[in-house]
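Number of protein chains: 4
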Amino acid sequence: MTRAFFATYKIKKMKALVYHGPAKKSWEEKSKPVVQQPTDAIVRITKTTICGTDLHILKGDVPEVTDGRILGHEGVGVIEEAGSAVTNFKKGDHVLISCITSCGKCDYCKRGMYSHCENGGWILGHLIDGTQAEYVRIPHADNSLYHVPVGSDEEALVMLSDILPTGFECGVLNGNVKPGDTVAIVGAGPIGLASLLTAQFYAPAEIIMIDPDDNRLSVSKKFGATQTINNQKSDAVAKLKELTGNKGADTVIEAVGIPETFELCQSLVAPGGTIANIGVHGKPATLHLESLWAHNITITTRLVDTVTTPMLLKTVQSKKLNSKQLITHHFKLSEIIQAYDTFGHAAREKALKVILTNE
Amino acid sequence: MTRAFFATYKIKKMKALVYHGPAKKSWEEKSKPVVQQPTDAIVRITKTTICGTDLHILKGDVPEVTDGRILGHEGVGVIEEAGSAVTNFKKGDHVLISCITSCGKCDYCKRGMYSHCENGGWILGHLIDGTQAEYVRIPHADNSLYHVPVGSDEEALVMLSDILPTGFECGVLNGNVKPGDTVAIVGAGPIGLASLLTAQFYAPAEIIMIDPDDNRLSVSKKFGATQTINNQKSDAVAKLKELTGNKGADTVIEAVGIPETFELCQSLVAPGGTIANIGVHGKPATLHLESLWAHNITITTRLVDTVTTPMLLKTVQSKKLNSKQLITHHFKLSEIIQAYDTFGHAAREKALKVILTNE
Amino acid sequence: MTRAFFATYKIKKMKALVYHGPAKKSWEEKSKPVVQQPTDAIVRITKTTICGTDLHILKGDVPEVTDGRILGHEGVGVIEEAGSAVTNFKKGDHVLISCITSCGKCDYCKRGMYSHCENGGWILGHLIDGTQAEYVRIPHADNSLYHVPVGSDEEALVMLSDILPTGFECGVLNGNVKPGDTVAIVGAGPIGLASLLTAQFYAPAEIIMIDPDDNRLSVSKKFGATQTINNQKSDAVAKLKELTGNKGADTVIEAVGIPETFELCQSLVAPGGTIANIGVHGKPATLHLESLWAHNITITTRLVDTVTTPMLLKTVQSKKLNSKQLITHHFKLSEIIQAYDTFGHAAREKALKVILTNE
Amino acid sequence: MTRAFFATYKIKKMKALVYHGPAKKSWEEKSKPVVQQPTDAIVRITKTTICGTDLHILKGDVPEVTDGRILGHEGVGVIEEAGSAVTNFKKGDHVLISCITSCGKCDYCKRGMYSHCENGGWILGHLIDGTQAEYVRIPHADNSLYHVPVGSDEEALVMLSDILPTGFECGVLNGNVKPGDTVAIVGAGPIGLASLLTAQFYAPAEIIMIDPDDNRLSVSKKFGATQTINNQKSDAVAKLKELTGNKGADTVIEAVGIPETFELCQSLVAPGGTIANIGVHGKPATLHLESLWAHNITITTRLVDTVTTPMLLKTVQSKKLNSKQLITHHFKLSEIIQAYDTFGHAAREKALKVILTNE
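Protein sequence lines correspond, in order, to chains A, B, C and D. Quick note on my numbering: the first sequence kicks off at 1 and runs consecutively. Quick note on my numbering: the second sequence kicks off at 1 and runs consecutively. Quick note on my numbering: the third sequence kicks off at 1 and runs consecutively. Quick note on my numbering: the fourth sequence kicks off at 1 and runs consecutively.
It should be emphasised that the hints constitute simulated quantities derived from the structure, not laboratory data. Hints should not be assumed to be uniformly reliable.
Identical copies carry no separate label here, and so any pair may be met within one copy or between two of them.
[As the list claims (entries may be wrong)] Mimicking DSS-like on lysine-lysine, the simulated pairs with C-alpha atoms at most 27 Å apart in a straight line are:
| hint | residue 1 | residue 2 |
| --- | --- | --- |
| 1 | Lys-178 | Lys-25 |
| 2 | Lys-110 | Lys-233 |
| 3 | Lys-178 | Lys-314 |
| 4 | Lys-25 | Lys-233 |
| 5 | Lys-241 | Lys-222 |
Isolated chain A, as found in the complex (with noise of 0.2 Å):
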């Protein structure tokens, strides 16, 4: 074999964050990904991160995830191969990925309901590789990728991988809320301040945060938060009659996940209010329907879109929205096990996103 030969190699190799089953990952050598349909693209990865999610699967919690696969669902990066069928994207374009493959041509998609794409869904570190590698291989790059805007902030547009949608979509468009509307978000870790920051695009009067972690409500306060309620210190529920003259709040956000805080925000909502799930949920709850029923709410669940990436790419370019404030840590990607254990021990180090940088 010739020289030439090993050049070729060992450009075929990357290094990723590999899921080696449940509590084991390693950052190893894979194979570089490449084009396998004429709609996918390549995307060397400039900037990733870690979602909450991905903590869950090393647990054991998401079982179709196995071993070898690449995590990771969130990034931008560079087109470094756009397949013949690609037509909005070239080689050198900087991209956004979203964390939801859309074909852009089945009935859920037509729909804008991307999540239950029959071709694609939540697919990126879950049933395909993902993005916490050197390169990522994006189906259906068309609809799945975004242009990141000349000038713009590339570490803040990372946050609309996911968080920021899942926020937005789940929790504030599904929570209709609306100016002047009183917003109670249970739970302040990165979904529930992603989705205060976003409840702001509607002006409502009150935004009040409920979380059990003071560090999180004191950065909730200047995240916009109106109110915030410690509710390991106090009685929440007291706490919010008494700020809503009794009647609760128009819009309930779970942000947690547990059947606990479900329940309470069923406690919460006013009379012709809706409770907006964003939790993923492990567990049944409780639903009061004995005095739920004639209260005239509306309680909604959605796994994320993606669908409103264009109109966040808008906000955040126009400064109504400054995704920036989730990143509170930077690492190199290659740091990407350091990285994890920071991000796994939040509360401790007083982490929201971290930002993985590869150089």
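Once you have looked at the hints, place chains B, C and D on chain A.
Chains B, C and D alone, transformed into the frame defined by chain A:
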């Protein structure tokens, strides 16, 4: 005392169906109601009916109803006297009585949520005397009565006091029924049938009725159901999945009010679909968030607002809605005890709604 | 040259209706289309029709249509060949052709505004060769064709290529037709009748058809109009005011396309109502803002998006919509010149839509 | 006659701004209003203002206003006397007066179209005596007044009588402003500025203000406009196209009321966009249907309903809306003639809204 006095006295008495605690009711003499507020009207009942809620009251399930209360919240009649501030109605006008009393000037009324009216809501036959009587006092008459269009079939209109707005608002409107959709209705009692009739305003492709009573299912077919499932004799979930290409129904309407049927609804709804609860629930239900969190569904509850009564009147007048089909039995008002017996054994009697005429 | 060469050559020819400048058309031999892009499909036409727009083109009103263009933008057929990136369809599939070509991946398509697709829109029989031919090339086939459901009446489906989505989207949906409403439709040609048929999805109380042709008004009655007004023989405004208690119509649909009828619509609409324009206008109209500014009205315009085609297919399959009623005449595709003559004299021939069959 | 009689007589007089035909007005003595209906309230005015409409009346443009009419339809005050059927308010309550009188019980009021109330609408300072007086009679007080929240800045609330609901309902709500959108507002007078302020409830990316007055454009910048165009000095269409990548604005708000500006709006709106008319027009405008028919646009008109007043009150209280910015001048109520002079030369005086205080 003079004869005149007694004459006057006699005029002031009437007959009414009076609740005397669980399982006790009687058709007895009561004082005829009088105008108490300038916004009140006194209506002479010409036609009334019995509601499933009246049976609940008689079981003792509605403790706010106290001994001595005249039952009933539905009916048509003639204005006997109008208070000084009533401007929409005058003595002699034929009127439809809404089961919901609306003041028209509290926050909830202004938002169209009459069910939560701060000065009304469901009070007739509940917190104040009701319509199963020769006369009834209607507070906030201008906003709680509707003119009977000239030439109307007044029996047909009795169905607009409660059952049709309930089936329509809580089931069809909240359920977001659209042309071409698949609708499943769990419960083929009068309310479920009211949803079936009014769902057809929106031309859904399929309306699948689910009930354990074959007679009701056969009535459903006559009323426009495209498919029926006897959920005692077959697996409703399997059958519905088969009928919908394994997708589920876009809208599922709960018209029973027990945990089992609400939980069934959760298995019937398609991703992106809606469960609209109409049932009056006495117990909590289990909400399967562990699967539904990612299904992009909406669940609604609602106490009927009767805000669509003017619209429903137009659909009856224009024969888009044949509300009379819901009437299976006729009685004189004075035979109301017998009517209760018939309605109380609805399955045996094949009863839907009974009409009581004050002759 | 060998016989084989000629055989091959022959296969590559087809017959088509070709535009040769104002008032000139011929049924002549053309090259059979071939796949040009991986997203193209070639469809063998089985049924097609003629649109009022084709007559406009032949008058020279649509200058973008150049000499040599094959006309036609409606039809059903069978996939002859699918490009390498087409995944929804394969050779032999029966398909409905949308008059609007949609790429599924530009901003407009993602927003459901296929009419403004940056890579499509109305191009068939306009900017590229159309469907009045034995074969047609359909770009972006996955998003521009629809599967014909097994067992469908394919003639009935030809009405879904253009006329029914146009009447429905531009007239009924934009017109916000609701149960109990009063709808006035100005123009009882095929498009007005398509609005009439699909308005009934929403159970309006009254649909008043306005046209100067008594035959079309009598067809309107058969199609579900509750009232008709011959606006040549009577004062349409006075008559409509009389029919609506002097209020006007909640929805007014303009289905003609001249200033006079658009101005008539302004006199027919009730306060709070909507004027939905469908007509293809060649001149400006006068907008009476001096009175309308305070009438809380909405005026809409729309080039059909065909975004409701999947829904309309369901309503045809479930027999909520009898689209076949619009078909009055049948011809062989090879008799298309005669068909144009019939369709071009619609009043004389009492023609609505003609079906051309490629036998 | 006794002294007591004269004392009583004196109390029954007040001062008011009275219209005496085109160009004639005076500050003169009038009878103090009295309760005429049980639903009336008498309000002692504390703060009022002058509207552009008052100037129109004084030009003779509103012929329904007759000699002797007290002008004015805005203000805050204190309940002096409440009719017997008024239940929401009592003597001494501080109230905001809506420019629209709503009975709460006609069809229009029930639909939220208070502007078309069959027993009210815009009547103050128009068909009945208005608010530029020491006292005013408010019919249907329960539905036409709003409680001033404790601790409010009452001057700021005067802006909620008319100008802010007008800018918000007719411009922003009807204009369907959404996060990330581009909004163009034609006319930077008080109403256009009210739209500018309230458009920001929905976080549009760009708000482009168009006016020929540089002072108003500079005020617009302070109020949140992202771009301004002086349409006397530059080509507004060319400039806007340049700012929007040649697309046009998603929402265009007409806040002038002449044919030229309405026609300008038609050149500014993007396909799929909305033109929301606020302007009070005296003449028809030309509607360019020959191009707009295919642009999928919406045009709306609206007389303000003030149905959003409760919501706007919440946004003022929660400091999402600084309505006080609109106030440029202060006068005593008795100086109203001078205030009219200032307001009538708005450009010269750099006047937006004036506040008149009844001391």
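Okay, the hints, checked on the actual structure:
no.	hint	result
1	Lys-178 - Lys-25	neither (43 Å within a copy, 43 Å between copies)
2	Lys-110 - Lys-233	neither (47 Å within a copy, 38 Å between copies)
3	Lys-178 - Lys-314	both (20 Å within a copy, 11 Å between copies)
4	Lys-25 - Lys-233	neither (37 Å within a copy, 51 Å between copies)
5	Lys-241 - Lys-222	within (23 Å within a copy, 37 Å between copies)
Against the hints set out earlier in the document, violations occur for numbers 1, 2 and 4.
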